[in-house]
Every structure is written in structure tokens, then in C-alpha cells.
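Number of protein chains: 2
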Amino acid sequence: MNEYLQLEKFFTRMNALDHASAILSWDESVMMPAQSGVARAAAQSELHVIKHEILINPELLELLQKVEENASSLHLWEQANFREMKKIILRAHAVKKDLVEAYSLAASECQQAWRIMRGENNWKDFLPLFEKLLLLARAEAQQRSQTMGMTGYDCLLDQFSPGITSSEISKIFNQVKSFLPALTQEIIDHQKSDPSSTDLPPIPIHLQKNLGLSLIKNLGFDMSKGRLDTSHHPFCGGVPQDIRMTTRYNISNFMESMMGTMHETGHALYEQNLPTKWNHQPVGMARGMDIHESQSLFFENCIGRNKHFFKFLFPVLETHLFKGANIPSPQRIFNLFNTIKRSFIRVNADEVTYPMHIILRYEIESDLISGKLEAKDLPEVWDFKMQTYLGLSTKDDFKNGCMQDVHWPSGAFGYFPSYSLGSILASQLFYKIKQSDPNFVENLTQGNLNFIKGWLNDKIWSQGSLLTSQELIFSATGESLNPSYFKNYLKEKYLE
Amino acid sequence: MNEYLQLEKFFTRMNALDHASAILSWDESVMMPAQSGVARAAAQSELHVIKHEILINPELLELLQKVEENASSLHLWEQANFREMKKIILRAHAVKKDLVEAYSLAASECQQAWRIMRGENNWKDFLPLFEKLLLLARAEAQQRSQTMGMTGYDCLLDQFSPGITSSEISKIFNQVKSFLPALTQEIIDHQKSDPSSTDLPPIPIHLQKNLGLSLIKNLGFDMSKGRLDTSHHPFCGGVPQDIRMTTRYNISNFMESMMGTMHETGHALYEQNLPTKWNHQPVGMARGMDIHESQSLFFENCIGRNKHFFKFLFPVLETHLFKGANIPSPQRIFNLFNTIKRSFIRVNADEVTYPMHIILRYEIESDLISGKLEAKDLPEVWDFKMQTYLGLSTKDDFKNGCMQDVHWPSGAFGYFPSYSLGSILASQLFYKIKQSDPNFVENLTQGNLNFIKGWLNDKIWSQGSLLTSQELIFSATGESLNPSYFKNYLKEKYLE
Numbered sequence: 138m139n140e141y142l143q144l145e146k147f148f149t150r151m152n153a154l155d156h157a158s159a160i161l162s163w164d165e166s167v168m169m170p171a172q173s174g175v176a177r178a179a180a181q182s183e184l185h186v187i188k189h190e191i192l193i194n195p196e197l198l199e200l201l202q203k204v205e206e207n208a209s210s211l212h213l214w215e216q217a218n219f220r221e222m223k224k225i226i227l228r229a230h231a232v233k234k235d236l237v238e239a240y241s242l243a244a245s246e247c248q249q250a251w252r253i254m255r256g257e258n259n260w261k262d263f264l265p266l267f268e269k270l271l272l273l274a275r276a277e278a279q280q281r282s283q284t285m286g287m288t289g290y291d292c293l294l295d296q297f298s299p300g301i302t303s304s305e306i307s308k309i310f311n312q313v314k315s316f317l318p319a320l321t322q323e324i325i326d327h328q329k330s331d332p333s334s335t336d337l338p339p340i341p342i343h344l345q346k347n348l349g350l351s352l353i354k355n356l357g358f359d360m361s362k363g364r365l366d367t368s369h370h371p372f373c374g375g376v377p378q379d380i381r382m383t384t385r386y387n388i389s390n391f392m393e394s395m396m397g398t399m400h401e402t403g404h405a406l407y408e409q410n411l412p413t414k415w416n417h418q419p420v421g422m423a424r425g426m427d428i429h430e431s432q433s434l435f436f437e438n439c440i441g442r443n444k445h446f447f448k449f450l451f452p453v454l455e456t457h458l459f460k461g462a463n464i465p466s467p468q469r470i471f472n473l474f475n476t477i478k479r480s481f482i483r484v485n486a487d488e489v490t491y492p493m494h495i496i497l498r499y500e501i502e503s504d505l506i507s508g509k510l511e512a513k514d515l516p517e518v519w520d521f522k523m524q525t526y527l528g529l530s531t532k533d534d535f536k537n538g539c540m541q542d543v544h545w546p547s548g549a550f551g552y553f554p555s556y557s558l559g560s561i562l563a564s565q566l567f568y569k570i571k572q573s574d575p576n577f578v579e580n581l582t583q584g585n586l587n588f589i590k591g592w593l594n595d596k597i598w599s600q601g602s603l604l605t606s607q608e609l610i611f612s613a614t615g616e617s618l619n620p621s622y623f624k625n626y627l628k629e630k631y632l633e
Numbered sequence: 138m139n140e141y142l143q144l145e146k147f148f149t150r151m152n153a154l155d156h157a158s159a160i161l162s163w164d165e166s167v168m169m170p171a172q173s174g175v176a177r178a179a180a181q182s183e184l185h186v187i188k189h190e191i192l193i194n195p196e197l198l199e200l201l202q203k204v205e206e207n208a209s210s211l212h213l214w215e216q217a218n219f220r221e222m223k224k225i226i227l228r229a230h231a232v233k234k235d236l237v238e239a240y241s242l243a244a245s246e247c248q249q250a251w252r253i254m255r256g257e258n259n260w261k262d263f264l265p266l267f268e269k270l271l272l273l274a275r276a277e278a279q280q281r282s283q284t285m286g287m288t289g290y291d292c293l294l295d296q297f298s299p300g301i302t303s304s305e306i307s308k309i310f311n312q313v314k315s316f317l318p319a320l321t322q323e324i325i326d327h328q329k330s331d332p333s334s335t336d337l338p339p340i341p342i343h344l345q346k347n348l349g350l351s352l353i354k355n356l357g358f359d360m361s362k363g364r365l366d367t368s369h370h371p372f373c374g375g376v377p378q379d380i381r382m383t384t385r386y387n388i389s390n391f392m393e394s395m396m397g398t399m400h401e402t403g404h405a406l407y408e409q410n411l412p413t414k415w416n417h418q419p420v421g422m423a424r425g426m427d428i429h430e431s432q433s434l435f436f437e438n439c440i441g442r443n444k445h446f447f448k449f450l451f452p453v454l455e456t457h458l459f460k461g462a463n464i465p466s467p468q469r470i471f472n473l474f475n476t477i478k479r480s481f482i483r484v485n486a487d488e489v490t491y492p493m494h495i496i497l498r499y500e501i502e503s504d505l506i507s508g509k510l511e512a513k514d515l516p517e518v519w520d521f522k523m524q525t526y527l528g529l530s531t532k533d534d535f536k537n538g539c540m541q542d543v544h545w546p547s548g549a550f551g552y553f554p555s556y557s558l559g560s561i562l563a564s565q566l567f568y569k570i571k572q573s574d575p576n577f578v579e580n581l582t583q584g585n586l587n588f589i590k591g592w593l594n595d596k597i598w599s600q601g602s603l604l605t606s607q608e609l610i611f612s613a614t615g616e617s618l619n620p621s622y623f624k625n626y627l628k629e630k631y632l633e
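Respectively, the protein sequence lines represent chains A and B.
Add 137 to a position in the first sequence, counting from 1, and you land on the number used in the numbering used here.
Add 137 to a position in the second sequence, counting from 1, and you land on the number used in the numbering used here.
One should not assume that every hint holds.
Since the list gives no way to pick one copy over another, a pair counts as held whenever it fits inside one copy or between any two copies.
Each computed DSSO-like pair below joins lysine-lysine, with the alpha-carbon atoms no more than 27 angstroms apart [said to hold, decoys possible]:
(1) LYS146 x LYS203
(2) LYS460 x LYS444
(3) LYS146 x LYS269
(4) LYS314 x LYS223
(5) LYS234 x LYS146
(6) LYS234 x LYS203
(7) LYS188 x LYS234
(8) LYS223 x LYS233
(9) LYS261 x LYS444
(10) LYS522 x LYS329
(11) LYS590 x LYS354
(12) LYS188 x LYS233
(13) LYS223 x LYS188
(14) LYS448 x LYS478
(15) LYS571 x LYS460
(16) LYS308 x LYS261
(17) LYS233 x LYS509
(18) LYS513 x LYS444
(19) LYS329 x LYS234
(20) LYS590 x LYS261
(21) LYS146 x LYS233
(22) LYS532 x LYS234
(23) LYS509 x LYS522
(24) LYS532 x LYS444
(25) LYS314 x LYS224
These are computed hints drawn from the structure, not numbers from a lab.
Kindly generate the complete structure, drawing on both the sequences and the hints.
If you want it as C-alpha cells, here you go:
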């Protein structure tokens, strides 16, 4: 067997560990009994270490070198696969085994503490665990930096949004900062003239479930290779051949589960339509979390909250939710779907204010990793930036401030930017698709997403990791990631 | 770190792979979407190979040798743990990697074909896949035999019922064969004089579910560390810290789910009460499938179908199942719980006829592995033995004959004897506990199982794999496994 095929076989094997971790992780959130968490966390951590140990086998480096010498004989997808393989293997070598173990353990401890202490608004007892984790995160970033020739924080970013650097992100985010605060105020002022929107009507959970199942089928989610369940925090997990979406239900706010489900369906469609032939190989995986978020936010915001699609959506809501009840006016529901308001909690933020939550986190985490900022000063900086960017104070309110997200306590530094990179890309894709489809408005009005899905499948989903992110964005849209599309999307949607 | 502790750490790590496989396996039966099976089977098979690859690392043999030299410095549990570690590592070395992979793949293919072809009664298309698997099973048995110095079939037995050999099993089973066919006829004749028992009343599934949950709590199953769900074939899976029991519901036969649940609870109590301190080590695991079955059959048959316990049970049934309906007479229900009848399907067989199903399979599989019998001759031999042992013909009825069980198609040769070894041990344990508890009848009548559970916890559950099976049985009951107890148990229960 030639060396390249040996590497393919190796990654097929590695893929089984990812498969296991993904299903265990879903199970932990959806099925696992209350007292089984310690054993599960230990098992997951050990699987992580096993994977790392296998990846740092010196034989792999020899294989890499041999394939490198004959790389020109590989066809296009194999070459891209080899590029991704190399990155994974070198990335594994970048961090010493002891540190991998220590980091995995510290993240597990910190996350478990967070689950309890966030509810208690208990920053004081959380801080030492977070400090310990941060020191290890810095050490990891530094070890990666030495091998990969990038800054430490860029190495962390690269795990989630491969190929984009902090200086590129800063440039994009600074553009967003230059227009978004004023635009937000303009939109909020504009919405004051809207007819006053009262609360959504209460909807029993079983009706919301039926609505969700109906919508995901309409969007094209393949139920023979996936499930929709309930969890505390919605997510899309599993593996491409077995996608596990979750949502959560709130009787007094059906929008939450509905939009959450549309969001996760965006992730799910991407995963279910990745190139089947390469499902077990690195090149067959989704391109990164930034591209992933562009898909989920596209389906949640660009489609789910679109005024044309709403003409299709409202009758579906009537059928599933409003039977026999007082039917609220379509305008009232639509307004509720698109009400803009500055708020404390990122996951509840609307599409207009959301990027400022991300920019805040991005600026803080890059300083935490570089050492410019210490963990103990986090609440103060958070409060300052919240006041500056969103006009809200989180002083002494850790629960709704710097303790609100699971990302840092679970060790995921460098993840946050992907949300807003995704949301910018979503608006860019939305514009390009609109330009390409002569029947765009009519299709949306009829809930016919075939053109959109065909376009996304062609340009994004079926491409897996064949291209780099930049190449993918350029080949799909004809230009680089450009925040002007986001600005224009918001202006057109909210002010025209 | 000394070498023994290195081995412990290693097995803690291996345990994570077992944890993953166990939960994935539960998920496959309970949660997985219809079309995700191929990817799951591949992942499970790869995990199996990964585990094998890690176990055959030559460093482990060096560690074993170093610990061996200082084994006397280990305390009792460590010594036993080391004995089990050694067995696992040497067992992994016994089979070549290529064969492990080929066997895992062939078993996966054969099992998937079986799932379809059994329903079609399609022996013809199943045979070539089964022949391929059998050849590999023989090769595996032979490779094991060379390393472990036992016959090939004994090596396979040892995976499920460690420490017992084919010649010991033959001796025990021959004793059973000497009394059971005549005793069965005697019991059937005796039951003819019973008042005729008609069908069980139909019971809605949600009521059966509530009954099951009530019973498992009463038996002491810890719901904070386990679940009860529904699957096509009932089983008890998961890990000691997270036990996943399943059952199946049949509206027209509540006994099936109820007794199935009591059976799985026997397995679950054993797992949940294994020594916590050793949960991740080989010595902390259940002693073997024969001991495991003794626990499940104890709770299903010795308790669940016991006339004294029935005095407690019937009011529970009334509360949960018969509300508002015509309440059947207790005697009628009790008789239905204990009706003896020769039948085709092992999993539906009663406790009296069950061992003949097992003896048949034991005799056949040992001949299949030794080469005395070929796969193509299986239907004929099956039919002949069914006629001899149970007076029933399975000619051309593969579905209800030699294709009825998943064990062989999934590659589990050597498993079947554990069921009947367990049932014999259950009656021996039942006798000893009855002797030890002065309030035995009263306790059973009140549904108070504290004495029984205390005894089993003390003698069996808390022992993990500290002792060999023979030592465990001897230390618990004061003698070796003795089929006379089974004979006397049946006579007393059905003829007195």
C-alpha cells in the first residue's frame, strides 16, 4: 500500500474516535443520568489523550515526508486531503503530551465548576480554576506558536476558523465597529414607530415540537440520518452520517425553539451534504466553524426572519400553533421575530447587536492569551466594554456578564470570532444568491428553497475542506469576506 | 511512577474506549436513526482495532514482566488486578492484528445480513457469510489456543465465562440432560391439572412503563446513574457509573416487559454495586457473563416468579395495571407467570425448558469451532437436536431454528453456556440465601429484598473480579457449581 493510502487508512481510524466523542457528547447533553457526569468527563478526556497519543506516533512524520516527496502525483482532492492531514499531525506534535492531559483535565474541572457557580453568580470561587486553565491555555498557545510560526492566539483561532489571522479579524471587526453602534441606534429609533409588539402567545410544547419537525423536513433535513431532541443548550452534533440536532422549548416563547431549530438545521444541512466519498477523511470535513456559522445564521436570520419567507411561514405557524386559539396578526409576529434590543446575553441577542458581543469577547480573549490581561481583571474589562459597546453595565453581575458563556470555562479560546465572521459571510452569500436567482422573492414567498440549497450545496457544502476558507469564500462569492454586505443587509432589512 | 501504577493508568485509559463502545452500542439500539448503521458499525469496528493495537504495544509486556518480579509486594486487590491485566494483555497478543480486523469486519457484515435475512427465512444467502465468519472464528480460536495452552473452544468460552472449561461444562450439562427432559414432562403433566389459564389482559404501554419504573426503584436500581429505555431486544448496557437498561413492550403481554425489566435489573444491580474504587480497572469488573446471568435470572425467576414475592407483587400490578379494568384473579396471573411449555425460541423459553436450548447450542458451537461440524450442516443438526431435546422440528424453518439468535452472526461463539451456568448458579444462590435468612418467606411476601441484596452485595457484587469464578462460587455458597440445586429448585417450585 502506498504511503498516501496508509495515511488515509490511518485517518479513517482516527475518525472512529471522533465519531465516538461526538455521540458521547450528544448523549451527555441529551440522555445521560444526572450522576454519571464524572465518569463521562473522564472517559472523554481519556479519548482525547488516546487520539493525541496516536497522532504523535513518529511513523506518521515519516509517512508525511514520503508523501510530500511525491505529492504532485496526487489528484486534487488527495492533495487537499494531504494538506489537511499534515496540518492535523503537525498541530498534534505542537503540544507536549503532559500539557494536553493537564489542559483537558483543567478544562473539564473548570467547566463542571462553571455549571454550578454561574447560577450562583460566584466569581470568587470560579476565578482560581479559571486562572489555572488560562495559564495552561497560554502555555498551549505558546507551544503551538513555536511549531506553527504564528502568534499564540492565531494558533488558537486556527483550530476553529482555519486560515484567518488575528490581524485580518481585527481589520474586519474594526470596520463593523465603525458603523454598527450608530446603525443599531438608528434601527432602534426606527422600530419605535412600529405598532407596539406585545408578547408571543403561549404554545404547548408538543405543538412546538410538531412545528419543528415539519420545518426541518421542509428545509431538507434527512431524518433517516439524524435526530432532533431536547437539551439545555441547543447544538448540532453527531457525525455527517448521523446528525444530532437539539433545541429547547419555552411555552411562552415559541420563537426560541423555532429559530433555534432553523439555526441548527443550517449546521445540519452543511454536515449532511458534505462529500460522502470523503466522509472519513480530513478533506471531507466542514471547512471551519466560521463557515459553519455562516450556514446556521443564513437559515436562521436571512431565511427564517425574512419578510418574503414569512408569507410562507405564517400559514405553517397557523396550522401547527394557533389552531383554535386567538390567531395573532402576522405583522405582530413578524415584528417580534425582528425586534432589535441591546441586551446582556449573547445567545439571546438579535442579529444586529450580536457582533458587538463577539467583538468584546474577541478583544478580551486575545488579551487574555497574550498576557495583556489577567483573569482577575476580567469582570472590570467586561463591564467597561459592555458599557462602551452596548450601553449596559455588568458590574457585580458575573452571571450575565463574563461568566455567561461555556466557551472559556471549557477551554475553547479562539472560538468566538467564528460567530460574527459567519454572520458577515451569511449576508454576503445572501446577496450573491439573490443576484443569481431571478425568482428569488417568489421562491422565498413559496417556501421553495431549492435554488438556495442547490447554490449552497454547489459552492459550500459539497466542497468540504477542498479549498482554504479564503479560497472558498472567493470562489463562492467572487470576492473576499466583506463586512459591507452585512451593513447593507441590515440597512435594507431594518431601515427600508 | 512504579510499573504497577503505570499499568493501572494504562487500563484506566483503555476503560475510556470500553465506555465509548458501550454507550455507542446502547445508542445504536435505542436512538440511532435508521440509515446511520453503516457508519456506526465502521466506527465500532475501528474502536475495537484501536484498542487491540494499544493492547499489543510491546512496552506492556515489559511492564508485565517487571511487575511479575515484584508481584508479592502488591496487596490482595492489586494482585488480582494484575492477574486480570495479564490475562487481557496476553489475550490480545494471542490474535494477529490482521485476523482481528478481518474477524471484526466479517462479524459486522454477517450480523447486518442476519438482521434482514432472518426475517426472510433466507438461509441460502446467509450461509456464505456465516461460513466466512466461521472460518475466521476457527482461525482465531486456533491462534488463541497456541498462546493460551487451552483448546480453541475453551479459549472462546474463557472470554465470556472465564475459568471454566468445556470438559467441566460438559459434565454439568450432562447432569442436567440426565434429569431435565423427564422432569419437564412431569411438570407439563402436572400443570395440566391447573385451572386453565387464558391470555393476559391487554395493558396500555404507558401503564407498563410506570410499572417498570416502580419495580426497578423497588429493587434498588439507582436512576441517578442509569436509565430504562425501549429497544427491539432488551439488554443491560452502559458502564457501572451509567447503566442503560432496555426492555420492550407488548400490549397483549405485560409479563414480557415486566419480567424482562426484572431480568435486566439483576444485571444492573450487579454493575451498579461493583466496587467503586476499582471501576476503571479489570479487577473492578463483573466476574463473567455466567455470574452476570446468575444475577439476572435470580431476579427474574427466583424472585419475580416466586409465589411468596407474588403476594407483594400482585397489589403492585393492581395499582399500576388493572385500575378500573376487570381485575384478573391472582392465581390466573401467577399461573401465567409460570407456565411451562416446549417452544422454538430460546429467548421466549421458560426456566424449565431453557437449559435444553442452551445445551443444544453448546454442543453445536463446540463442534463448529473444532471442525467436527460444518456451517452448511447446521440446519440438519439443529433440527435433529431440537427433536431429541424438545420434541420439536425446525426443518426448513431457519427463522425459528438455527437463525434465531444474534450471537453467532455477531461472532460471539462460546457465549451461550453462560446462560445456563447462570441459571444453575441462581438456584444454588437462592437455596443458600433461603438457608441464611430466618425471615426469608416473610421478607419475600413483603417485597423486602434487603436481606437478599445485602447477601448478594457482600458475596458477589462487591467482589468484582477479585476471585476466580470457582473461588467466588465456593466462597459464596460453600461448594462448587452444583446442578442438583437447579433440579431441586424446579421440583420444589413446580411439583410440590
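(request) If the cutoff is 27 angstroms on CA atoms, where do LYS234 and LYS203 land: within, between, both or neither? Let me know, please. (result) Result: close both inside a copy and across copies, 25 angstroms intra and 25 angstroms inter.
(message) At most 27 angstroms between alpha carbons: which applies to LYS571 and LYS460, within, between, both or neither?
(response) neither (34 angstroms within a copy, 62 angstroms between copies)
(request) Please work out whether the CA atoms of LYS223 and LYS233 approach to 27 angstroms or closer within one copy, between two copies, in both situations, or in neither? (result) Classified as within; 17 angstroms inside a copy, 30 angstroms across copies.
(message) At most 27 angstroms between alpha carbons: which applies to LYS146 and LYS233, within, between, both or neither?
(response) both (25 angstroms within a copy, 18 angstroms between copies)
(request) Measure nothing new, just compare the shortest in-copy and cross-copy C-alpha distances for LYS590 and LYS261 to 27 angstroms and report within, between, both or neither. (result) neither (48 angstroms within a copy, 45 angstroms between copies)
(message) Within a copy, between copies, both or neither: which one fits LYS590 and LYS354 at a CA-CA cutoff of 27 angstroms?
(response) within (13 angstroms within a copy, 50 angstroms between copies)
(request) Can you give me the call for LYS223 and LYS188, within, between, both or neither, at a CA distance of at most 27 angstroms? (result) Answer is both; intra-copy 15 angstroms and inter-copy 24 angstroms each pass.
(message) Within, between, both or neither: how does the pair LYS188, LYS233 come out at a Cα-Cα threshold of 27 angstroms?
(response) Cα proximity of LYS188 and LYS233: in one copy and across copies (13 angstroms, 23 angstroms).
(message) One pair to classify: LYS146 and LYS203, alpha carbons no more than 27 angstroms apart. Within, between, both, or neither?
(response) Within one copy only: 16 angstroms inside a chain, 35 angstroms across chains, cut-off 27 angstroms.
(request) Up to 27 angstroms between alpha-carbons, please classify LYS146 paired with LYS269: within, between, both or neither. (result) So LYS146 and LYS269 pass the 27 angstroms test across copies only (24 angstroms; inside, 38 angstroms).
(request) Go through the copies and call it for LYS314 and LYS224: within, between, both or neither, with a Cα cutoff of 27 angstroms. (result) Classified as neither: same-chain Cα gap 33 angstroms, cross-chain 64 angstroms, threshold 27 angstroms.
(message) For LYS314 and LYS223, with the copy left unspecified, which applies at a CA distance of at most 27 angstroms: within, between, both, or neither?
(response) Close neither inside one copy (36 angstroms) nor across copies (63 angstroms); limit 27 angstroms.
Hints 4, 9, 15, 16, 18, 19, 20, 22, 24, 25, counting from the list given before, are not met by this structure.
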